[in-house]
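J.: Build the full structure now, drawing on both the sequences and the hints.
Quick note, the sequences are listed as chains A and B, same order.
The first sequence begins at 1 in the numbering used here and counts up by one.
The second sequence begins at 1 in the numbering used here and counts up by one.
One should not assume that every hint holds.
Stated by the list, open to error - According to the in silico footprint, chain B covers these stretches of chain A (three or more CB under 8 Å from chain B):
1. 30-39
2. 56-64
What the hints assert, rightly or not - Here are some, though not all, of the chain A residues that point toward chain B, as calculated from beta-carbon distances under 10 Å:
3. Thr8
4. Asp9
5. Ser10
6. Arg87
7. Gly91
8. Leu94
9. Leu95
10. Gly96
11. Ser97
12. Val98
By construction, these hints were calculated from the structure, which means they are not laboratory data.
Just so you know, even glycine gets a beta-carbon here, dropped at the ideal spot from N, CA and C.
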Amino acid sequence: MSILVAVTDSPEGSKALVAAADEAQLLGQKLYVLNLALRSLADLPVVDAGVEIINRKGRGDRDPVHAVLDEIENLKIDRLVIGIKRRSAVGKALLGSVSQRLLLECPVPVVAVKVDA
Amino acid sequence: MLVCPAPRQMTYDIPGDERFTMASSSAPAHTSDTPSNLPPDTPGPHVSRLRLITVVATFGGLLFGYDTGVINGALEPMTEQLGLTSTTEGIVVSILIFGAAIGALLGGRLSDSFGRRHNIIWLAGLFIVGTIGCSLSPSWEVLTVFRFILGLAVGGASTTVPVYLAEVSPYERRGSLVTRNEVMIVLGQFLAFIINAIIFQIWGGEEHVWRWMLVVAVLPAFALLFGMLRMPESPRWLSGRGRDDEAREVLHQVRSPERADAEMDEVHALIEEEQEAQTGGWSDLAVPWVRRLIFIGIGLGIVQQVTGINSIMYYGTQLLQDAGFSAEAAIIANTLNGLASLLGITVGILLINKIDRRRMLLGGYGLIIFFHLAVGLAGNFLPENDFKPYAILVLVALFVFFMQGTLGPLVWLMLAEIFPLKIRSFAMGTCVFVLWITNALVAFAFPQVVSALGIGPTFFIFAGIGVLSTIFIYFFVPETRGKTLEQFEAEMSA
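T.: What follows is the structure in structure tokens.
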């Protein structure tokens with residue numbers, strides 16, 4: 001059993017990371033952190049020795065949703081944690097919504113953490 | 001540079017010069033210069049082999065320059081024979097640049113899939129077909145089709161040649177070889193202006209004279225084609241395809257034996273780095289600091305092109321004729337623009353790491369606006385006498401010189417250094433595409449604006465756009481000189 005958290009470069013990403021660390025501790029499971037940001041996560045306080053950080057790399061990971069779904073399959077993940085936020089219609093139309101696609105396509109249960117909750 | 005190349009690995013360092021600081025950051029190096037612990041490359045027969053390769057490959061840069069510059073002298077006789085209006089003139093000239101925008105996008109993909117050498121050989125073929133097609137065109141419509149084909153080749157060369165050069169050369173010389181390609185582009189334009197002038201002096205009365213000007217470009221295209229057939233594939237590309245044995249064999253052709261074996265590790269590291277560079281894409285625009293950087297990069301591309309530099313490179317002869325030169329004198333006078341461009345880029349490359357980027361951008365743009373205004377004022381207010389055309393010529397040449405000495409090379413350098421590794425491929429591709437499209441739009445509009453308003457007001461418009469560009473640079477473009485990539489990234493994403 002293990003948990004994967006998808007961390008985007010945003011407040012909801014950090015929130016998801018915090019929530020996932022709690023979840024992993026609560027359930028006593030290994031936490032994998034998938035860094036969807038294009039920069040390093042190393043200086044975030046929650047990221048301690050117990051977790052394993054995976055970075056997006058290469059053209060195959062260009063679509064963050066693919067990157068997440070691939071890792072869920074490779075690492076035999078049982079639960080996915082993501083951060084979500086209300087998005088504008090224009091923003092969604094132009095850039096798409098990673099969280100919406102993950103909620104719909106992810107084969108394992110998804111814990112969605114709201115940033116303003 | 002005018003319309004230069006968009007290599008995904010671009011270095012601007014000059015031998016003996018401080019290499020641009022961001023490249024020496026500790027992290028996966030900024031560009032392909034990995035200062036590894038490689039044994040020095042000792043002299044031997046491989047040195048002349050490498051020299052031959054670089055000479056052959058830079059014919060691609062030369063063709064890029066020639067084909068974009070040759071229209072300058074050819075346009076006037078072409079207009080007469082094919083009956084071009086200022087709109088169809090704009091189409092014939094700018095279609096090549098639109099083609100180049102597409103060629104640059106496709107070229108990168110194709111050279112990743114099929115190889116650099118393979119790509120350059122096909123591009124040489126495309127140059128030949130495009131050139132012959134253009135010079136035999138019976139009408140402007142046919143000419144447009146072949147100019148588009150030529151544009152695809154120009155765009156493809158703009159991405160493939162610098163990458164090939166960077167990948168075959170040892171890291172100590174990578175920067176200078178890529179820089180040499182840029183000089184070759186400007187040299188190609190200068191040569192086109194000179195050859196135009198010579199051909200026009202000999203066959204000036206002949207209505208087909210423009211066809212001879214265009215067809216000259218098949219000579220370097222054949223040199224590129226037959227030359228590249230004998231050149232090896234890029235070792236890095238081969239290794240990336242899992243063909244390490246062949247890669248090693250190529251390295252042995254172009255390095256001393258000890259160096260060749262030692263360099264395979266560097267090749268592998270650079271392949272990793274290149275894969276990293278392709279990570280980010282469209283969806284990463286959701287992150288504000290990434291979006292901001294791409295916005296700045298796009299802005300820089302636009303700002304460089306709206307100086308109107310390429311209006312001079314494509315329409316200089318016509319402009320000088322409008323200014324009062326005879327057709328014969330204008331085509332000769334225009335070679336001064338080519339020379340100013342070549343000298344400017346040379347000075348620019350020497351200065352580029354000695355002055356802060358922002359200062360060079362703002363100072364450069366200040367000078368550019370000054371000369372735009374000067375050309376505008378001379379065009380509008382000087383009395384029509386023998387002195388006027390010369391005044392305009394000198395002012396235009398000074399504009400070209402200062403543009404190529406500052407913004408020309410600097411925008412390319414900044415595009416190569418503002419993006420974090422993981423978004424670099426996508427970001428550069430996007431910015432360069434917008435740059436080419438801006439170039440094409442300016443080229444399309446220029447003859448119509450000049451014919452509607454005249455030279456003076458056209459340059460006042462350039463000056464006005466220049467003021468907006470300066471405001472953009474002042475408020476948005478960050479300083480990158482003297483910062484490591486990490487420092488800069490931390491600053492931007494804070």
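J.: Mind taking a look at whether chain B covers the stretch 30-39 of chain A? Criterion is 3 or more residues with CB to CB distance under 8 Å.
T.: holds (count 3)
J.: Can the hint on Arg87 of chain A be confirmed by a CB-to-CB distance to chain B that is less than 10 Å?
T.: 9 Å, holds
J.: Given a cut of 10 Å on the nearest C-beta pair, is the interface hint for Ser97 of chain A held or broken against chain B?
T.: 9 Å, holds
J.: Should the interface hint for Gly91 of chain A be scored as holding, given a Cβ-Cβ cut-off of 10 Å against chain B?
T.: Holds, about 7 Å.
J.: Answer holds if the nearest beta-carbon of chain B is closer than 10 Å to that of Leu94 of chain A; otherwise answer violated.
T.: Interface hint status for Leu94 of chain A: holds (8 Å vs cutoff 10 Å).
J.: Hold the hint about Val98 of chain A up to the distance rule: shortest CB distance to chain B must be less than 10 Å.
T.: Constraint on Val98 of chain A satisfied, holds at 6 Å.
J.: Mind checking the CB of Gly96 of chain A against every CB in chain B and telling me if the closest is under 10 Å?
T.: Holds. Min distance 6 Å.
J.: When I compare C-beta atoms, does the stretch 56-64 of chain A have three or more residues closer than 8 Å to chain B?
T.: It holds, with 8 qualifying residues against the three required.
J.: For the hint on Thr8 of chain A, just tell me whether its beta-carbon gets within less than 10 Å of chain B.
T.: 8 Å, holds
J.: Close enough to count: is the Cβ of Asp9 of chain A nearer than 10 Å to one in chain B?
T.: 4 Å, holds
J.: Checking hints one by one. Is Leu95 of chain A an interface residue toward chain B, by the C-beta closer than 10 Å rule?
T.: Nearest chain B Cβ about 5 Å off; hint holds.
J.: Tell me if Ser10 of chain A is really an interface residue toward chain B, meaning its C-beta lies closer than 10 Å to one of theirs.
T.: At about 7 Å, which falls below the 10 Å cut-off, the nearest Cβ of chain B leaves the hint on Ser10 of chain A intact, so it holds.
Comparing the model with each earlier hint shows no violations; every hint is respected.
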